[in-house]
Structures are given as C-alpha cells and as structure tokens.
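Position chain L against the provided structure of chain X, taking the given hints into account.
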Amino acid sequence: MGAIEKKILGHLKEKGYTFYAGVPCSMLGSLIDTITSDKSVTYIPAVRENAALGVASGAYLAGKGACVLMQNSGVGNVVNALTSFNLIYKIPVLFIISWRGFKGKDAPEHIIMGEKTIPLLKELGVPHRVLSNRYKEDIDWALGVMKKKRIPASLILPKGLLE
Amino acid sequence: MRSIDAIDIIMSSVKKTDIVLSTTGYISRYLFSYEKRHRANFYMIGSMGLLSSVELGLALNTRRKIFILDGDGSCLMDLGTMAMIGYHKPSNLIHIVLDNGAYQSTGGQGTITDSINLASLAASANYKEAASFNDMDALKKGLGRIVRKKGPSFIRIKLKNDKTVETGRISLEPDEITDKIRNILKDEK
Numbered sequence: 001m002g003a004i005e006k007k008i009l010g011h012l013k014e015k016g017y018t019f020y021a022g023v024p025c026s027m028l029g030s031l032i033d034t035i036t037s038d039k040s041v042t043y044i045p046a047v048r049e050n051a052a053l054g055v056a057s058g059a060y061l062a063g064k065g066a067c068v069l070m071q072n073s074g075v076g077n078v079v080n081a082l083t084s085f086n087l088i089y090k091i092p093v094l095f096i097i098s099w100r101g102f103k104g105k106d107a108p109e110h111i112i113m114g115e116k117t118i119p120l121l122k123e124l125g126v127p128h129r130v131l132s133n134r135y136k137e138d139i140d141w142a143l144g145v146m147k148k149k150r151i152p153a154s155l156i157l158p159k160g161l162l163e
Numbered sequence: 001m002r003s004i005d006a007i008d009i010i011m012s013s014v015k016k017t018d019i020v021l022s023t024t025g026y027i028s029r030y031l032f033s034y035e036k037r038h039r040a041n042f043y044m045i046g047s048m049g050l051l052s053s054v055e056l057g058l059a060l061n062t063r064r065k066i067f068i069l070d071g072d073g074s075c076l077m078d079l080g081t082m083a084m085i086g087y088h089k090p091s092n093l094i095h096i097v098l099d100n101g102a103y104q105s106t107g108g109q110g111t112i113t114d115s116i117n118l119a120s121l122a123a124s125a126n127y128k129e130a131a132s133f134n135d136m137d138a139l140k141k142g143l144g145r146i147v148r149k150k151g152p153s154f155i156r157i158k159l160k161n162d163k164t165v166e167t168g169r170i171s172l173e174p175d176e177i178t179d180k181i182r183n184i185l186k187d188e189k
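Residue numbers (the numbering used here), protein chains in the order written: chain X, 1 to 163; chain L, 1 to 189.
Be a bit skeptical, because a hint or two may be false.
Unchecked claim - EDC-like mimics (lysine to aspartate or glutamate), calculated; alpha carbons at most 16 Å apart, straight line: (1) 90/X / 179/L; (2) 159/X / 115/X; (3) 158/L / 137/L; (4) 141/L / 5/L; (5) 64/X / 5/L; (6) 149/X / 137/L; (7) 149/X / 188/L; (8) 148/X / 175/L; (9) 64/X / 188/L; (10) 147/X / 179/L.
In short, the hints are calculated from the structure, not lab data.
So that you can see chain X by itself, here it is in the shape it has in the complex (with noise of 0.2 Å):
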C-alpha cells in the first residue's frame, strides 16, 4: 500500500465517500488493499460491475457518498444500468476506471477497449478525467461535476500512477 493510495482515499473520505463496491482489475489492487484495510469506510466486493453500480446507487440512496472501482472492461457492462438508472435517476456515483490497453499496448483482450473506453463515455454523456498526479484537483473535478449535474462522473486511472 502506497502513499498515493492512502492520499487519494484520504482525500475522498475528507469528502464524504465511505462507500466502495468493485471489481478488481491487477492496476486497482493497491487503491482495494488501501480500502479494505480502513476500518472507517465499507468495500463490496460485487461479481459483476452492473452489481457494483447497483449496490453503490443503493448506498446514494440511503445519503452516502459512493464509489466504483473497475477496470475498463467493466465499461460495457455498465452502459444500460447508465443509460436506463442512472443518468435518468439523476443517480451520481464515482467511478474509477482502470484502463487497460493504453496506446494499444497490453493483452489482445484490451486493446479494442483500451481505445474505445474514452470515446464510449463520452458518448454516453459520462464526465471523465485522466487521474493525474494532482489527483486532488480531478476528484474535485469529478464531485464537482456529480454535484452539479447530478449523474455519474468518471476518473480514469492510467497505467504508473499508483504504486
């Protein structure tokens, strides 16, 4: 478990957000490691990532603030409970996306969505942002927009960032 980990998880308790479901991607592990063992905030550990949307839309229901974790594969399994919940809810939850496949280099399995995760949420009408290194500032971004527009917002955790 990194420092950065600890930083970015600090930073989004600071805000509220105690509540994380997910799907683990390898790129994750650090950021799921960081969350399980904070005693002060919940990780579900969900077998889809529709299920991890959806027990997180449950938790916003109930006033908390809520979190996904998946990798970008996950994306496609997430399109109708965006299109058909969430977005016409008005339903925000946070997601952080791990994205495989970057510049096309990564397993055969990623390539086609590593290139086409970015244009997919864009299409969708999902906010996103590359994680950065003032990742402070691009969750605020992400809150910021979630707030505003009441609908899911997207961070994208590129390949280095996490330790």
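Relative to chain X, chain L alone:
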C-alpha cells in the same frame, strides 16, 4: 394466485417505515397504485435485473426493512446478486420473487424459471430464510412469520401468468422517485 393478489398480501404486512422496491414492468405499475397509501416505494422503470443490487446497497445503509418485489425474469437476469446478498447478509432485506414464469409486459413469453428451484438457490447462497408459496393462505401465514425473523429472507411466490390486469403508468419522473426515497431516508438521521 395473480400477481395483484400477492402484492396486496405483501403490502398488508409492510409497515409505514419499510421501504418497498419494485422491479421493471407490471410489478412497478401495480405497486404504483399504492403510492398514496405507502409513499416509501421505489419504482424501477428500466435496468431489468439491477434492482436487487440496489436493494443490497440500501439495506446495508439503513436500519429500515427493505422489501424488493422482484420478478422471475429480472431475478434470473442477475442471479449473481443473490450470492452477494447471501455473503453480506443484511438482516433487514426481504427479497420476494413474483414468479409467473413469464415476461409479462413484453407479451407473456416464457422465462426458464420452471427448471430452477429459486428458494433452494437462495438457501444455498446463505439467505437466512428461504421459502416458496403457491397459494394465498400459505403466503399470508408464511409471510407474517418470515417478516418477523432476521433476514436476509427470500420468498418465491408461484403465480398465474395473468395478462388481463389493467394498470396505470407510473406518473412520477425517475428523478422524482430518487428524491422521494432520499428525502424519506434523510429524516431517519
């Protein structure tokens, strides 16, 4: 038993403070006729299958009892969520499947629910209570018993595939449904 009979029986054992979620299709449309008598209803108009996971997220974050009126089609669509409910075991969650063996709102095409025992599946997934009822008397008695116990509980209700019941459309906008439930739960804190 028709789905409206089952919903009438269920709603007579729901308390004012309980939250009721209803799945896509006729189940939500029929539950909407209860809107004036029981405001704490959440009607899902799309995302078939998703609602049981929403129920889990809600149940883990409130002490209120959360009922879901699921359908056999929507339950089968996201069976994996039952494993999550059994794993996290929220004691305030009651998962009811209204099983008419058909996709009613799309014209009554058959589901494949006949070849699966949903109550056994729920028991295997570690729900604390799991039962199946075929007639109204058994449902009335069984429901009262199960509602008093600690969950998560699963109830499968075998229904006729009745296509004839007329129900109105849900007149609330989706975001109004969200606001309504969030405001009801806000008062809790």
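Results of checking the hints against the structure:
Between residue 90/X and residue 179/L the CA atoms are separated by roughly 9 Å; this keeps the pair inside 16 Å, and the hint holds. Restraint check for residue 159/X and residue 115/X: the C-alpha separation of about 14 Å stays at or below 16 Å, so the hint holds. With a CA separation close to 13 Å, the supplied pair residue 158/L and residue 137/L stays within the 16 Å bound. Between residue 141/L and residue 5/L, the direct Cα distance comes to roughly 14 Å. Compliance with the 16 Å bound is thereby established for this hinted pair.
Among the hinted pairs, residue 64/X with residue 5/L is inconsistent with the structure: their alpha-carbon atoms are about 35 Å apart, more than 16 Å. Distance hint between residue 149/X and residue 137/L is unfulfilled; the C-alpha atoms sit about 48 Å from each other, more than 16 Å. A threshold of 16 Å between alpha carbons decides the hint, and for residue 149/X with residue 188/L the separation of about 26 Å lies outside it, so the pair is violated. At roughly 14 Å between alpha-carbon atoms, residue 148/X and residue 175/L fall within 16 Å of each other, so this suggested pair holds.
In summary, the hint linking residue 64/X to residue 188/L is supported, as the alpha carbons are separated by about 13 Å, within the 16 Å threshold. Only pairs whose Cα atoms come within 16 Å are accepted, and residue 147/X paired with residue 179/L is accepted, the gap being roughly 14 Å.
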